[in-house]
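Peer 1: The listed protein sequences correspond, in order, to chains A and B. Per the working numbering, residue 90 is the first one in the first sequence, and the count goes up by one each step. Per the working numbering, residue 36 is the first one in the second sequence, and the count goes up by one each step.
These are computed hints drawn from the structure, not numbers from a lab. Think of the CB as a built atom: it goes at the ideal place given N, C-alpha and C, for glycine as much as any other residue. Treat each hint with caution, since some may be false.
[What the hints assert, rightly or not] Distance ranges between label pairs, derived from CB positions:
| hint | chain 1 | residue 1 | chain 2 | residue 2 | range |
| --- | --- | --- | --- | --- | --- |
| 1 | B | Thr56 | A | Val249 | 39 to 49 Å |
| 2 | A | Ala111 | B | Asp69 | 46 to 56 Å |
| 3 | A | Ser189 | B | Pro58 | 51 to 61 Å |
| 4 | B | Asn107 | A | Ser235 | 24 to 34 Å |
| 5 | A | Asn116 | B | Gly75 | 52 to 62 Å |
| 6 | B | Arg50 | A | Ile91 | 54 to 64 Å |
Residues per chain are reported as follows:
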Amino acid sequence: MIVKVRIQTEDFDVNEECARLADGKNNIGAIVTFTGLCRDEEGRLSALELEHYPGMAEAKILEIVEQAESRWPLQGVTVIHRVGRIKPGANIVLVVTASSHRRAAFEAAEFLMDFLKTSAPFWKKEHPADAGLADANTATETRWVSAQDADDEATKRWQVKE
Amino acid sequence: MKIYYFAWVRERTGRADETVTLPEGVTTVAELIDWLKTRGPEFEFAFENERFVRAAVDQQLVSHDTSLKDANEVAFFPPMTGG
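With the rest of the complex left out, here is chain B (with noise of 0.2 Å):
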């Protein structure tokens, strides 16, 4: 699965885009936050306020429970600012 960084999300990870295989039990965007933590400084640096992290599951804005089931594309990022 392809996950995607952007803005001051991509700048703290350190990286604008990475393939991943989900480790067994990662099935949704919250447990799938939980474990990039695990990786890292840098990720733990990045969700370390979850709450300000929007997620999209192929390219459409969900909510952290959302599964991750037939999943090709996960992007973290801060809420938008554009216009």
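One chain only, chain A, in its complex shape (with noise of 0.2 Å):
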């Protein structure tokens, strides 16, 4: 299986991303790509700040890549994650799955996803749209995001019954 993880301040081009994964090769029947963006609330976030654990945050992700392999069979998994400062309407995060057949790529994406919200090591920081950009580093008036317990349940979906 061929796989990159990639995490960076630069943005991603999704197709060039499709065709690096298919380049070559005509086993592939499916290729599902998921990207996550910087969501502006009604006007409330000039940006948001990402920060991750160099070194564990790719660690984990390969680790991650690693259990859907052994889940479901794919040609090829790409995962790009962007850090520092981005702004609403710009992507974060890239997933991109190969597969012979459309539901391992379907499911191995979303699992990916689930996982890689919450236990890559990965934070997001809210710098709000009033702070002006003079100030906006101010830990007064930015804010961390929580964690969500609703991510955390989407993880339970995956567990093996014995």
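Got two chains here, each in a separate frame; can you build the complex from them with the hints?
Peer 2: Here it is as structure tokens:
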């Protein structure tokens, strides 16, 4: 299986990543992509700031990819997670899965996202729109995003029944 | 031993990382937290709700009762919010 895991500040190109995964292969029947974007809630947000634990973040994503590979017949997986300051409307995360059949590609992409959100060491901080650009870095006006119970719940559906 | 702090734990302690020599009697993550809290109000603040602080030993997520034997690197951070 072809695996690409990147943590980067730069944006990514979804079409380019799909083409790269399919390049030179004729046994791929399905490519599923998930793109997570920075969402603004009614103009409240000026930017999200993403922090990660270098080393552990890459290792953890690779571990999740290995788990996906053991559960579904996959030909390729690409995971790109951006860090740093990200504006509303911009890309945050990309998951691409390639398989012979669509079901494996769909399910693996969902599995990867569910565990990426809850077990890879990334943290989001909101910079509010009214904080002004000059002092947008001050801790009093910014807010760390809280972990959601719903995200933890989402991982439970992948538990293998004994 | 190297300690890393991330997200609001980093902001509260006022540092991203530091190198410490573990004092006698500090053998688990929980004991390390107890000792860090004696080092100043910024550490008390960071660890005031210990159950909200996750720990990793050598980049593996662990529970607070985990031993620090042979550990090179410990990290403290809030629950993850990536994706």
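Peer 1: Now tell me, hint by hint, if it's right for this structure.
Peer 2: Checked hints:
Checking the proposed 39 to 49 Å range against threonine 56 of chain B and valine 249 of chain A shows it holds: the Cβ atoms sit about 43 Å from each other. Our hint of 46 to 56 Å for alanine 111 of chain A and aspartate 69 of chain B holds, since their Cβ atoms are close to 54 Å apart. A beta carbon spacing of about 57 Å between serine 189 of chain A and proline 58 of chain B agrees with the range 51 to 61 Å that was offered as a hint. Restraint check, asparagine 107 of chain B to serine 235 of chain A: a C-beta distance of roughly 31 Å satisfies the suggested window 24 to 34 Å.
Between asparagine 116 of chain A and glycine 75 of chain B, the C-beta spacing of about 60 Å keeps the proposed range 52 to 62 Å intact. The beta-carbon spacing between arginine 50 of chain B and isoleucine 91 of chain A, approximately 40 Å, falls outside the hinted interval of 54 to 64 Å.
The structure fails to meet hint 6 from the earlier list, while all remaining hints are met.
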